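Position chains W and U relative to chain G; hints supplied.
So you can see what is in the structure, the chains are spelled out below.
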Amino acid sequence: MSGKKVKIGEVEVNLADAVRDPRGVEDIAEDILQEMGERRLRQWDPKLNIFAHASDIAEWDEVLLDKYYTIFTSAKKSCEGCPQGPCDLSAKNGLCGVGLEAHKAREGLQDACKALARQLTHARDLLDYVIKIHGKEKEINLGPYEEFPMTNVAMLCGFYPKNLADVERALSYAEAQLAELLYAANDGKESAKDLVEKTMHAGSLTFLAMEVAETLRTCIFDFYNAGKVPPTEYADWPKVQTPVGLGVVDVSKPVICFMGNDFLPAWHAVRLIKERGLEDEIEVCGIGAAGHDIPRFYEKAKVVTSAAKARLAIRAGIPDVVVVSELCLPFDVVEEARRIGAKVIACGYKADFEGVEDKTELPLEELVKYLEENDAVQITMPEKAGELAVEIVKRAKEGKTAALLSEDEIKEKATACKACDSCFNACPNRLMLSRAMKAAREGNIKKLSEIYDECVFCAKCEHVCPNGLPILDMIIGASAEKIKNDKYMMRPGRGLISHIEWRDLTFGFVLGGNGPGMVFLIGCGKYPGAEKDIAEMVRYLVDRNCLVAVAGCVAADAAKYFDEEERKYIFEKYLAAGVLRGFVNLGGCTAISHIPPATYKGTMIGSGYTPKANWSQIVDYQYTRLPLVVLIWGAATEEMFSVAMGFARSGVSVVIGPEGFKFKTWLLGDKHDRSKWQMFDGITGKIREVEPCPVHMIVPVETKEEALTMIIKLFHRPLALRDPRLASLEAYNEAHKNFFGEYSDDWHLYVRSEHEIHVMRRMEMLRLLEKEHGWEVEGVRVKKARLRDGRLVDMGEYVENYGIQLGRYSTVVPRLVIKEMVGGAVAAPSKEIAKMHGTPKE
Amino acid sequence: MAKKEEDEMAKERQRVWDSLPKGRVYQAPTELDRLFEGVKYDIGPKWYGERIRKGEYALEVGGPKFNYTSTWFIEIVHDPDRIQDGRIELIGPDIPEIPDGTSLPFMFWIRYYGENLEDDFLDILTRWTYMAVEGGEGWMLLNTRDTIWLRLRKTAKHKHDFFHLGQAMIANTKIMFPYVEKGDAKIIVGNEYRDLIKEITQNVCIPYWERIDARAREFSDEDVDTFYGCAVCQTFAPNHVCVVAPDRPPYCGIITWIGAKVMYELDPYGYTFIMPKGECLDPIGGEYTGVNEVVYQKSNRSYKRVVMYSSLLYPQTNCGCFEAGIFYIPEVDGLGMVDRRYTGMTPIGVTFSKLAGFMSGGMQNHGYCGMSFRTPRSRKFMVGDGGWYRIVWMPKEYKQMLAEFIPEEIYDKIATEDDAIDPKDLKEFLKKVEHPVTKLWRNGEEAEPLKIPPPNGEWDPEEEKRAKEKARVLLEMQGKLPKSE
Amino acid sequence: MAAKEPLEIANFLKEKKRKVLVMSGQLCEKLELDGKPLLDYAVELANKLDAAVAATGNTVNAVRGKVKATKKMWAAEIPIYLKYNWKEPFERPEVLVLIGYTPDAARALVTTMSGVVETVVLDSVEVPEATASLNTMTIDKWKESLEEIIKNLG
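Chains as they are written, first to last, in my numbering: chain G, 3 to 844; chain W, 2 to 486; chain U, 833 to 986.
Just chain G, with the same shape it has in the complex (with noise of 0.2 Å):
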């Protein structure tokens, strides 16, 4: 083991103290604990998890574990993991020595790892497609604006990539992880919580994952990207030039709609039309992640929908030609597209599909022909997709047979449906499909267009029907209105949020209280309700001075709101900056990784911490002072999941739509239990009690309602000051009130001074103080407060017992406790002073 010790300024360090294993990376710890400084590692022992494996970030992990209830929401009893199995774990431990609690984690750690696979492998394609035309020396500029470049690496890696070289490694590492993880998932013999921990650095890893596709993609092939462009321009920036909804696409002309994880074909096939003028012959349109790429560096392109609904978008008969790479909801998309007469090219590796061959050798013209006469062809080479694409699309207009069925077929049709209901209970959104049929049946096809509204084409209705009736093609008949007029604007992604604008927001949301919180909304489609309850989210929550950041495919349906007022879309209405009431679009699925170096900017900002593999600081710092809350709608995929777990274990509290209750792992705080709620006081390490804050980190709500109100009520956090406190209580009784008819019982529980209650309603809630709390109140004073423990004493004595003073450092973290008091003693404090200030630690 490596003895080499390391001098910053007075304080030395033995490597092997600071890094569980130095061997290979002493020159990236050095460079940590230089960046460091001696002031810091005076304060605390650096501990870094450098390369980190899951049980290095173990400290941070067990901290979170203790707090919340991992509640697992699998129904399976028994595994069959192996050969020896299946083995009933409801009564005992497996053959293998797992229990029902670890086998249930696993099942959680499968999916995360899932997701894991998916942007490594669309991550390492693009990867190894760069390193091939730029070398390994191709440096990573993400431009001026941004001074810390790949955070998501630093945090588990240790350093900043400048090179491909460098973004390689990160990327083996990730692999390696994978590896590591998958054989957990699948063999591993440890505890729950382990194995939970292990699904959490799973997520951390798909930030890396996503951040490397990211990376290139606005370093190489220039995606909007903030990082190059002066703060000052912000506010309207990137302009709101793209269209998107259904209605969008000019279908009079050749359309070539791509969708999946991969741009490159799209990439390829916008440059040859901009080679060849057919900028205003071609449409370019996208759906899901590649919709959401495409506008980055094509501003034509065009947004039809997520890519939850991408049989919405094929069965309207929009494309004439479908590109499609690696699918995140997989579909099969060669059947659809034949529904219509289109034609599809699967391009990459990954995009097989049965039946579609791989004629990638084809010359250009070859390959024409085949696809004239076939209905889909598999290409391995993005240049040759493109080029195909752009080759055929005029062709395959023609050939196309796409018609929406008329209102007397979808009568007809519906005279097949025998009301047996299956539909209902297969359907998610439990929509009562046989009654819009009996009412078709009877002439009335209205019903059929009110379905459209909520419908999220998921097609299990069609799958389960006994009698074979095409029901979403008969919803989409009968709202063809609808689908025309499915027209907006939206905002392209703008990459990442900058630590520029996180100077101001310190002052919004830290310290000011302007604004009660940032929430980052990400979700694939697929939503409970209508598409448009995302914009009135957006809407309440940037009317309440939050900062939103959207991020995925859902930024095409958060778009879907027309301010008949004001005459603006959405995206207009509001500040496109990184400020108090500002909305901003960070781009595609991979832009999800921006969101937590947006977070870890916050903390970087406000405490000037290293983020370079050093976890449990910059975590405990943005955990227990910083209003960050993740909004997952929509579907609970694997990737919603992992991304999830992820988000837990950086301190950003997640809430998710209905479909969260299918996630594996739910992560639950027990108000109730005082023992949960506690903090070292930094200084003195003594344990105090503070509110229960963020009450959960991963929780499951039903409406959009529950939604906002919990987002708000996770802004809470226990070193919050006295003016943001106001913000968010203020608007968590708001909210309750509002949506529920009557205050929350916990509310109390947040306040800590009558300075921290609402003006208009500061006196209404001292009466509640009161009344149903029996605190005194004096004026419009509180005199004495009850403490938890039911004891009522003066504020004095309430302050010293519940919360932390304002402006203490805290921690939650018990090596984050300050370690040595630099200074030695000089004279004794006067006794006035000392009585005035309490007496200090000796």
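Hint data in this document are derived by calculation from the structure and do not stem from the laboratory.
Relax, there's no trap hidden among the hints.
Derived coverage of chain G by chain W (criterion: at least 3 residues anywhere in the stretch with Cβ under 8 Å from a Cβ of chain W; other residues may be distant):
id, region
1, 141 to 151
2, 725 to 731
3, 758 to 764
With a cut-off of at most 30 Å between alpha-carbon atoms, the simulated DSS-like pairs for lysine-lysine come out as follows:
id, chain 1, residue 1, chain 2, residue 2
4, U, K851, G, K79
5, G, K94, U, K836
6, G, K462, G, K486
None of these values were measured; they are calculated from a predicted model.
All C-beta atoms in this analysis are idealised placements derived from N, C-alpha and C, irrespective of residue type, glycine included.
Only chains W and U this time, still in chain G's reference frame:
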């Protein structure tokens, strides 16, 4: 100003108040629990910063259309009998009666009485009164006092009338600032009152503001026995303590000495605390025994001394949210300043962001100090280091922003990024322009830098003497040396 | 097997006078069984059982005033709070009747509560993880079943 003169002015204000044209009167509830009764719009931080554009407003009062001849006047009345609590009088049309898209001149005249209200609290009263509009649903507020400009959003019009607006202003102030016992208001709206408003502004408001502003300007560390401390930032910068004195605003720029005083009285369990000055150890640099003692306690015994107006000798610690920073450049024995909007390089080879990371965290970094945008406006700005004559480098935009506070004779001698960034070039530049710091150099050629102790370290007594001597030389050149020295 | 006939369910709920709490989920507001909101069934059920309603989602607004006691609650939180003695406004249940949850949500909820409390899911989809649930059935049959349970409660 003499007490008698002040009484005369108060009488004159009362006379003008009484002589205003009669309007409609509304009596707002005055019991604590009913203060906001009937107010239909919401007030809170979430409504701050609304922008209402042309075409979106129902009503615009004040602003450029009337060459800013509108006024929001807040007055502290010391005679309780002069105020009928909760009385709101409207002279002119009410909001529902005004057609959409109208622009009118106006005046709000709000008066407060409270046994403990001092004239020095005007700023605080103003903040809480303004909040009813600035943080009021549907309102846009720009500027203050006699340049005031408000707009009311069309969609919120149905929630508003002037009577309840006046009620909300007084209610808001009473809740936020319980020193206020009574409040009344007159609201004047309409083109026909334009001259009247102008006249009142000239004869009543401006003299009132001038008197209070002059008091605030003259008010200095020497006028008080107690400073205030703030430790709010210890949450992320352990051991950090801010000293708030009349001449020394904290570098977050959020509170003033008066603000800290009131905050301490109203919110004793908040984050401000008192610091009796004690004995003055250094009248130039600003070092006091009382401050040192409290700082020692409140910094968890991390450091023992603070020289309030120095960035070299025992400067105040830094949290993380300063708006600008000052740093020692040993090669030229001078100080550089940089603000957070400047993203380029500084002569010490780091950007503001890096510097901020380095300076923050609550350690005493001799040679570095955080600042608010207000810090350089203090008459005592870095006098412990020689004041403005010690400043050798600033980003161009920052320098322009502070132009009126920089002594004229030194303005062109302070280098910007256009003149030099590298210390070598900076040195040549300073020589060329004969910057005063060159007087500290050996033969005016070579700087003899100070030996700066490590963070939280102590100065070598000889070196401390040298540092003070250098400051003395520069202050002498500026004629700023206190007579006692 | 969890699937039971309506009469069995009614008897199960009646027997031993167990403390029953009805949980009303968001679908109570969304679904109407031929003109009658699902929520009305939840309310009738609660009143017949003299039970309170833990109203999740937004249902508290519609339930308030119609049953002996109700409160806004959060579905996901109920499993972790079951270990406490509840006082206000109602007691901790021995049996939870879930109505108005998607089958996925109901399955997750009853799974997380298994062993702590008995659960009855009154959806048109069988939830095997519950102590008792209805069979998977048509909407018409569902409506009849709910009516039958209510009728047989006394």
